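Residue numbers (this note's numbering), protein chains in the order written: chain A, 1 to 248; chain B, 1 to 250; chain C, 1 to 299.
Keep in mind the hints are simulated off the structure, nothing from the lab. Any given hint might turn out to be false.
Capping the alpha-carbon separation at 27 Å, the derived lysine-lysine pairs in DSS-like fashion look like this [what the hints assert, rightly or not]:
id: 1; chain 1: B; residue 1: Lys231; chain 2: B; residue 2: Lys183
id: 2; chain 1: B; residue 1: Lys65; chain 2: B; residue 2: Lys79
id: 3; chain 1: B; residue 1: Lys102; chain 2: B; residue 2: Lys139
id: 4; chain 1: A; residue 1: Lys236; chain 2: A; residue 2: Lys40
id: 5; chain 1: B; residue 1: Lys79; chain 2: A; residue 2: Lys143
id: 6; chain 1: A; residue 1: Lys236; chain 2: B; residue 2: Lys231
id: 7; chain 1: B; residue 1: Lys183; chain 2: B; residue 2: Lys139
id: 8; chain 1: B; residue 1: Lys102; chain 2: B; residue 2: Lys117
id: 9; chain 1: B; residue 1: Lys102; chain 2: B; residue 2: Lys231
id: 10; chain 1: B; residue 1: Lys102; chain 2: B; residue 2: Lys79
id: 11; chain 1: B; residue 1: Lys231; chain 2: A; residue 2: Lys143
id: 12; chain 1: B; residue 1: Lys65; chain 2: A; residue 2: Lys236
id: 13; chain 1: B; residue 1: Lys139; chain 2: B; residue 2: Lys79
id: 14; chain 1: A; residue 1: Lys143; chain 2: B; residue 2: Lys65
id: 15; chain 1: B; residue 1: Lys183; chain 2: B; residue 2: Lys133
id: 16; chain 1: B; residue 1: Lys102; chain 2: B; residue 2: Lys65
id: 17; chain 1: A; residue 1: Lys236; chain 2: B; residue 2: Lys117
id: 18; chain 1: B; residue 1: Lys117; chain 2: B; residue 2: Lys139
Computed beta-carbon distance windows for the label pairs [as the list claims (entries may be wrong)]:
id: 19; chain 1: B; residue 1: Glu74; chain 2: A; residue 2: Lys236; range: 28 to 38 Å
id: 20; chain 1: C; residue 1: Ser118; chain 2: A; residue 2: Phe169; range: 50 to 60 Å
id: 21; chain 1: B; residue 1: Gly72; chain 2: A; residue 2: Ala47; range: 49 to 59 Å
id: 22; chain 1: A; residue 1: Lys143; chain 2: B; residue 2: Asn76; range: 18 to 28 Å
id: 23; chain 1: B; residue 1: Ile82; chain 2: A; residue 2: Phe169; range: 21 to 31 Å
id: 24; chain 1: C; residue 1: Phe88; chain 2: A; residue 2: Arg63; range: 51 to 61 Å
Treat the numbers as computed from the prediction; the structure is a model and nothing was measured. For every residue, glycine included, the Cβ atom is placed at its ideal position computed from N, Cα and C.
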Amino acid sequence: MDVIYDWFRQLYIDHGINLTIVYDRFDRNRMLGGLWTTIKLSLTCLALSVLIGLVGAWLQGARSVLLRAVVQGYIQFFRNTPPLVQMYFFFFALGSLMPQVRNEFGFTQPMIDNYTWAIISLSFFAGAFNVEIFRSGIEAVPKSTVEAAESLGYTRLQSYIHVVLPLAFRVCLPALNNNLVNLVKTTTLAYAIAVPEMLYVANQIWSDAVNVPEMMTFLLFAYVALVGILVWVMRKWEQSMALPGYGR
Amino acid sequence: MSAAWSESDPIVDIRDVHKSFGPVQVLAGVSLSMPMRSTACIIGPSGSGKSTLLRCINALVPIEKGSIKVRGIEVNDPKVDILNLRRRVGMVFQQYNLFPHKTALQNVMMAPITVLKQDRAEVEERARRLLRKVRLEGKEDAYPGELSGGQQQRVAIARSLAMSPEVMLFDEVTAALDPETVKEVLITIRELAEEGMTCLLVTHEMGFAREVADHIYFTDRGLIVEHGPPKEFFSNPRDPRTREFLGQIL
Amino acid sequence: MMVRGPKGHAGLGGGTDLPVLLPAAERLQRRSERERLLGAPRLRLRGRDLAWLCLMLICFTGYAEAQAAAAGREPISIALLRWVPLLFQGFVFNIVISVLSMALGTVLGVVLGLMQISLLPPIRFSSWFVTQFFRNAPWLVLLFYCIFLLPFEIRAFGMRIPFPDWIKAIIGLSLPVMANVSEIVRGAVRSIPSGQWEAAESLAFNRNQTIWKIILPQCVKRMLPPWMNLYAILTMATVLASIVGVSEVMTLARRVLAAEVRNDLLIPLYGMILVWFFVYCYPIARLTQWLERRYAVKL
Chain A
1 MDVIYDWFRQ
11 LYIDHGINLT
21 IVYDRFDRNR
31 MLGGLWTTIK
41 LSLTCLALSV
51 LIGLVGAWLQ
61 GARSVLLRAV
71 VQGYIQFFRN
81 TPPLVQMYFF
91 FFALGSLMPQ
101 VRNEFGFTQP
111 MIDNYTWAII
121 SLSFFAGAFN
131 VEIFRSGIEA
141 VPKSTVEAAE
151 SLGYTRLQSY
161 IHVVLPLAFR
171 VCLPALNNNL
181 VNLVKTTTLA
191 YAIAVPEMLY
201 VANQIWSDAV
211 NVPEMMTFLL
221 FAYVALVGIL
231 VWVMRKWEQS
241 MALPGYGR
Chain B
1 MSAAWSESDP
11 IVDIRDVHKS
21 FGPVQVLAGV
31 SLSMPMRSTA
41 CIIGPSGSGK
51 STLLRCINAL
61 VPIEKGSIKV
71 RGIEVNDPKV
81 DILNLRRRVG
91 MVFQQYNLFP
101 HKTALQNVMM
111 APITVLKQDR
121 AEVEERARRL
131 LRKVRLEGKE
141 DAYPGELSGG
151 QQQRVAIARS
161 LAMSPEVMLF
171 DEVTAALDPE
181 TVKEVLITIR
191 ELAEEGMTCL
201 LVTHEMGFAR
211 EVADHIYFTD
221 RGLIVEHGPP
231 KEFFSNPRDP
241 RTREFLGQIL
Chain C
1 MMVRGPKGHA
11 GLGGGTDLPV
21 LLPAAERLQR
31 RSERERLLGA
41 PRLRLRGRDL
51 AWLCLMLICF
61 TGYAEAQAAA
71 AGREPISIAL
81 LRWVPLLFQG
91 FVFNIVISVL
101 SMALGTVLGV
111 VLGLMQISLL
121 PPIRFSSWFV
131 TQFFRNAPWL
141 VLLFYCIFLL
151 PFEIRAFGMR
161 IPFPDWIKAI
171 IGLSLPVMAN
181 VSEIVRGAVR
191 SIPSGQWEAA
201 ESLAFNRNQT
211 IWKIILPQCV
221 KRMLPPWMNL
231 YAILTMATVL
241 ASIVGVSEVM
251 TLARRVLAAE
261 VRNDLLIPLY
271 GMILVWFFVY
281 CYPIARLTQW
291 LERRYAVKL
């Protein structure tokens, strides 16, 4: 490893390309921490947004008109407003209403920190799309297919587990993947409320090491690679899950 | 329950069944009984409750009044073991209703493995045999979307047979098929009937009904208007409604 | 029972006599294809939602107004009205940014898209790569890149052309637009049935003539709805410029809030700005939907 570090240090001395995130241990750990935060943020929001989507899709089938209207309002609001505004809304508007708590050093601090607000905001953002996706997915499975399963002796639950859900999932997958890719790109907005994800950390590093072009370029390629790999994996997965003989 | 039943009793025994969907009465006192190893066809104009009757036999639709007994088991008894009933009664649908995410072989194997918890290797052997029987050798690994309608329908028949049922219900199984593929499905059903499977068909194929059935039932507006052996039924219908219907069809 | 025959049904039930999945599956498939073209979820604005947003905003403002009156503070409506002219200028600035980035992005995107259907593999591959590169990059990162790495002025022919932040923001936002327009062009060209190409060839059109006289005119119709939707998405995305310090409406809103030092102004203020965006994008979204229905294009 030291050989590589030295090579990058020499690169800086010879050509002025200063990639501190490779040879400097502090910066390297900061950047890895940022990457980890981005991944953690994406995965947590993914899980929560799927949960929100399932609950929302279930509520949309509720009898209560009011309940359905609330879910519909939620979807419309979150899919038609800029996610940045949503994040500000959660962080500044709701954040100012939250009580302050005292931490172990005796200082007051908000009950919900920036990272948590980012998770809440992004999960609700992605969840709004999931509600519609899941709803269509379930609607896409004909009642008669369930009937066929039941006539073979499947119980309700078994026919859901073995027939309805696998089918609905295959129908949903492309739209879900779009949503996931979009979510990963949108995590950059957490920068605006000072969550130490990749963009924010890169900003800290270039402020300290004054290597804006190097960091900016690194960041751009890092994101393109991250999203590119994600898109590629998802496409492969979709292809393997496609229903043979259906669709294009 | 089934202890009281012997092989000489009717395997399907329907008495005075009523069923309505909201204000529409679809079955208004239907009675029908089938001995073991017999084949019966239900014919009649659309909307006369034929398909609903089949669904009632399989407990897919609950009835309001009357009784349906399959092998002496009262279908409408709330305490009835639905699984035990449904494994004895196979059903094939107009829209095939195969599971599109599974291959033909998997479609046939799924229910015995998940529902009956049978041994996989044994089920697979039986499934392959059944697919050969419906003349789909070589199509085991094809997905439903890659098969023609007639092939899909034969997979659906094999899928039902895999549960080793004692009665097979066929709900207008050829109605959605191209004329060329109708024949291959009908041949399969005839072979089943000839082997002694108890078959109850709802069909529009009059020629087929005449040839295969032991008994024909004619329904109109939720009632069985007339029934009898095919020869008698087709050559000498008594009720004017039957005459009118046969006049339109034949 | 009504049965859809093999002829009348295309798409998911295509290969068989009967559809095995209901129309919802096809809707979802079409939707995800559209989203892929746009690289972002489609906006779907409805007048009803605008009405609800306004109603809730008015209710909340009324409530906050009553609280302010009880506490003896300046009424919110007056404080808000004082800042409306400034904020509206900021909003107009957002619109200017969106129009200019759209123009720039469209020109670049059409060129890139045409390169993607080139017969020369190097051109095709490099333009595909550029397109995918900018489609996968988050908008905010591209914005940062341009703000920090473009020079603040250009010296050319002895003149000094200043390069303020807002111009850099326009360039930054035009990059993802370019990539998505490129995909829209490619998608539209691919959606033209191959019979059109063959017919043109059989009439002795050369490739250029075929593209410009036969294919592209047919594409315009298909490209218009996604292109307009992309514009609506871009307009909403201009608020990102506030993160990099361009004095657009969100930046101004933050400054106003800092100057007023009162929390109860926050929701009415941001709510009002949201309504502006909504009102501006609403006709565009409706027109898009109308065009989509009219051309019934499955993009």
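So, going through the hints one by one against the coordinates:
1. B:Lys231 with B:Lys183: 22 Å, holds
2. B:Lys65 with B:Lys79: 17 Å, holds
3. B:Lys102 with B:Lys139: Holds: B:Lys102 and B:Lys139 sit about 13 Å apart, inside 27 Å.
4. A:Lys236 with A:Lys40: 23 Å, holds
5. B:Lys79 with A:Lys143: Between B:Lys79 and A:Lys143 the Cα gap is close to 25 Å, so the pair holds against 27 Å.
6. A:Lys236 with B:Lys231: 60 Å, violated
7. B:Lys183 with B:Lys139: With a Cα-Cα distance of about 19 Å, the restraint between B:Lys183 and B:Lys139 holds, given a limit of 27 Å.
8. B:Lys102 with B:Lys117: Holds - the C-alpha atoms of B:Lys117 and B:Lys102 are around 18 Å apart, at most 27 Å.
9. B:Lys102 with B:Lys231: 43 Å, violated
10. B:Lys102 with B:Lys79: Roughly 33 Å separates the two Cα atoms, so the pair is violated.
11. B:Lys231 with A:Lys143: It is violated: about 38 Å lies between the C-alpha atoms, which goes past 27 Å.
12. B:Lys65 with A:Lys236: 54 Å, violated
13. B:Lys139 with B:Lys79: Violated - the C-alpha atoms of B:Lys79 and B:Lys139 are around 41 Å apart, more than 27 Å.
14. A:Lys143 with B:Lys65: 25 Å, holds
15. B:Lys183 with B:Lys133: 15 Å, holds
16. B:Lys102 with B:Lys65: 39 Å, violated
17. A:Lys236 with B:Lys117: 33 Å, violated
18. B:Lys117 with B:Lys139: 25 Å, holds
19. B:Glu74 with A:Lys236: 28 to 38 Å: Violated, at about 53 Å.
20. C:Ser118 with A:Phe169: 50 to 60 Å: 38 Å, violated
21. B:Gly72 with A:Ala47: 49 to 59 Å: Holds, since B:Gly72 and A:Ala47 (Cβ atoms, about 52 Å apart) stay within the stated range.
22. A:Lys143 with B:Asn76: 18 to 28 Å: 22 Å, holds
23. B:Ile82 with A:Phe169: 21 to 31 Å: Hint holds: Cβ distance 27 Å, inside 21 to 31 Å.
24. C:Phe88 with A:Arg63: 51 to 61 Å: 44 Å, violated
In summary, the numbered hints that this structure violates are 6, 9, 10, 11, 12, 13, 16, 17, 19, 20, 24.
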